[in-house]
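J.: Sequence:
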Amino acid sequence: MQTRSRLFDDLSKLMTNAAGVAQGMREEAETLMRGRVERFLADSDLVTREEFEAVRDMAQKAREENESLKAELSAALERLAAMEKKRAPKAAG
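In this note's numbering, the protein residues as written are 1 to 93.
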């Protein structure tokens with residue numbers, strides 16, 4: 001009976017050690033993959049979220065400014081056309 005109990009104890013220790021080794025291998029594999037992915041992303045010359053959002057905000061601001069300038073130009077052209085209309089009868093007469 002003692003032999004059997006010792007056999008089970010040894011088997012239990014072996015399984016515990018195997019589980020620990022498997023856990024260590026898993027962590028090492030994750031670390032290795034994380035490093036490779038980070039290196040790939042760094043080599044890919046991708047932008048960060050902060051850079052993307054900054055450029056997006058700049059584009060939105062430029063779009064709004066373009067709309068404002070377009071409205072100002074349209075109003076200025078209308079004023080110019082009105083001034084030319086007033087001037088045309090005087091020049092003809």
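Everything labelled a hint here was simulated from the structure, so no lab data went into it. Treat the hints with care, as some may be off.
[Stated by the list, open to error] Label pairs and their calculated CB-CB ranges: (1) Glu64 <-> Leu32: 26 to 34 Å; (2) Arg49 <-> Arg26: 27 to 35 Å; (3) Glu38 <-> Met58: 23 to 31 Å; (4) Leu11 <-> Arg39: 51 to 59 Å.
Note that beta-carbon positions come from the ideal geometry of N, C-alpha and C, so glycine has one too.
J.: Determine for every hint whether it applies to the structure shown.
T.: Evaluated hints:
1. Glu64 <-> Leu32: 26 to 34 Å: The hint (26 to 34 Å, Cβ to Cβ) is violated, given that Glu64 and Leu32 are roughly 47 Å apart.
2. Arg49 <-> Arg26: 27 to 35 Å: Since Arg49 and Arg26 have Cβ atoms about 29 Å apart, the given range 27 to 35 Å holds.
3. Glu38 <-> Met58: 23 to 31 Å: holds (28 Å)
4. Leu11 <-> Arg39: 51 to 59 Å: Given a distance of about 42 Å, which is not inside 51 to 59 Å, the answer is violated.
Checked against the numbered hints listed earlier, the structure breaks hints 1, 4; every other hint is satisfied.
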